[in-house]
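Keeping their order, the protein sequence lines are chains A and B.
Everything in the first sequence is counted per the working numbering, starting at 71 for the first residue and increasing by one.
Everything in the second sequence is counted per the working numbering, starting at 71 for the first residue and increasing by one.
Hints in this document: simulated from the structure, not taken from any laboratory.
Fair warning: this is a prediction, and the values are worked out from it, not measured in the lab.
Treat the hints with care, as some may be off.
No distinction is drawn between identical chains; accordingly, a pair holds when it is met within one copy or between any pair of copies.
[As the list claims (entries may be wrong)] In silico DSS-like links for lysine-lysine, alpha-carbon gap of 27 angstroms or less:
hint, residue 1, residue 2
1, K164, K96
2, K226, K265
3, K265, K222
4, K181, K265
5, K134, K154
6, K181, K226
7, K210, K154
8, K96, K226
9, K222, K210
10, K226, K154
11, K216, K181
12, K222, K261
13, K226, K261
14, K164, K261
Protein chains: 2
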Amino acid sequence: MQGAILVLSGPSGAGKSTIINHASDKIGSYYFSISTTTRPPREGEVDGVDYYFVSHSEFEEDIKAGNFLEYATVHENYYGTSLKPVNEALNAGKLVIFDIDVQGHRLVQAKMADLVTSAFITPPTLSELERRLYARSTDKTEVIQKRVENAKEEIKAISEFDYIIINDILENASHRFATIAQAARLKQSHKELAKFTLNWRNSQQ
Amino acid sequence: MQGAILVLSGPSGAGKSTIINHASDKIGSYYFSISTTTRPPREGEVDGVDYYFVSHSEFEEDIKAGNFLEYATVHENYYGTSLKPVNEALNAGKLVIFDIDVQGHRLVQAKMADLVTSAFITPPTLSELERRLYARSTDKTEVIQKRVENAKEEIKAISEFDYIIINDILENASHRFATIAQAARLKQSHKELAKFTLNWRNSQQ
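Extracted from the complex, chain A is given alone in its bound form:
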């Protein structure tokens, strides 16, 4: 059986990774999609774990060859999702989890709508998002303010998602996430449904 896709979007600081890790024993075998980028690795980042790091010209060749499910330019660097590992995981029947922004979600929907379940993860309030971003104190104030402005834009797109997960209490958010992930696995592609219907109708004796 074919796998399925679960798209997670939401502001940086919403707690997406924490929720996935907390629920990981309840959601079965999954593949967490790794993005490809032309941005240079930061200290501690590992190729094939944090990102696939490639050169500008490699990325552009892949664009021409139609190798991306979605891609975008951010601050003159390319970021994208390569189709190959996604298709391999889908063919192995895995749930493929994407952590992408609302634009990336639109592009994935446009190409693979019948495989996609999507959820927007957000802190309960904007002021709570700000508090968390300052508390983790890995970013400069101007970066945090940029993230907050992005979040105010992104949240306008929540009605495009199948579900929203309000990350107030981790236990609750993680339980909701596990339910959504289990349901996502039950989605069947139009191709599978067409095959099932054909066999079903032809089974009459």
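Got chain A; can you put chain B on it based on the hints?
Relative to the frame of chain A, chain B by itself:
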């Protein structure tokens, strides 16, 4: 919090009631939508349990007053879903379960898409459906053949549903149904999302 709607369709003999009953302790508080009909009660049928039985003129007055979520004529009798009990259950935060045909599903989607999750329940094959209909032997051969022909038409609409549940092994089908019902509860109406977004954006200090 507002409730949600779960539409179940599928051929008579698919085992919808059996699956719901088997999973009922896992899906929390729900309201099973009772249809309104002008068909006379059969022996043993109870008003307000099996159907709401009304006269032809009462039904037509309700149509004019816009009191139906969906309705249709079958063999010169009206069958429909009254809005009032559905809205009451939704306002009480319940999951409202509908057992309606693919036409009814289209009408409910047209009016309340943002509240609806839908599943098509089917035996694994058409020949298995026939076998079950003959085995329960409550219907005449010509009624069974009519049901089989209906099923062959209805199954063409499965790609309109969010999920399909193949009722092969009851345990599995019931588990899948419970997951879908739990996910259905997490759906939030556009109205709720708009309110959440507004409050969220205005929370900045």
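Should K181 paired with K265 be assigned to within, between, both, or neither, using CA atoms and 27 angstroms as the limit? within (20 angstroms within a copy, 30 angstroms between copies)
Using 27 angstroms as the alpha carbon limit, work out where K134 and K154 are close: within a copy, between copies, both or neither. Within. Shortest intra-copy distance 15 angstroms satisfies the 27 angstroms Cα cut-off; inter-copy 56 angstroms does not.
Checking an output row: K181 and K226, CA cutoff 27 angstroms. Within, between, both or neither? Cα proximity of K181 and K226: in one copy and across copies (22 angstroms, 23 angstroms).
27 angstroms Cα threshold - placement of K265 relative to K226: For K226 and K265, the Cα distance is within 27 angstroms only across copies (11 angstroms; inside one copy 38 angstroms).
When no copy is named, should K226 and K261 be tagged within, between, both, or neither for a Cα gap of at most 27 angstroms? For K226 and K261, the Cα distance is within 27 angstroms only across copies (13 angstroms; inside one copy 32 angstroms).
Within a copy, between copies, both or neither: which one fits K164 and K261 at a CA-CA cutoff of 27 angstroms? For K164 and K261, the Cα distance is within 27 angstroms only inside one copy (17 angstroms; across copies 34 angstroms).
Given a CA cutoff of 27 angstroms, do K210 and K154 count as a within-copy pair, a between-copy pair, both, or neither? Classified as neither: same-chain Cα gap 36 angstroms, cross-chain 54 angstroms, threshold 27 angstroms.
First find the shortest C-alpha distance between K226 and K154 inside one copy, then the shortest across copies, and answer within, between, both or neither for a cut-off of 27 angstroms. Close neither inside one copy (31 angstroms) nor across copies (32 angstroms); limit 27 angstroms.
Taking 27 angstroms as the upper bound on the Cα-Cα distance, should K222 and K210 be classified as within, between, both, or neither? within (19 angstroms within a copy, 62 angstroms between copies)
Tell me, please, which holds for K222 and K261 at an alpha-carbon limit of 27 angstroms: within, between, both or neither? between (38 angstroms within a copy, 18 angstroms between copies)
Give the relationship of K96 and K226 under a CA distance limit of 27 angstroms: within one copy only, between copies only, both, or neither. neither (30 angstroms within a copy, 34 angstroms between copies)
At most 27 angstroms between C-alpha atoms: does K164 with K96 qualify within a copy, between copies, both, or neither? both (14 angstroms within a copy, 26 angstroms between copies)
This entry does not satisfy hints 7, 8, 10, 11, going by the numbered hints stated previously.
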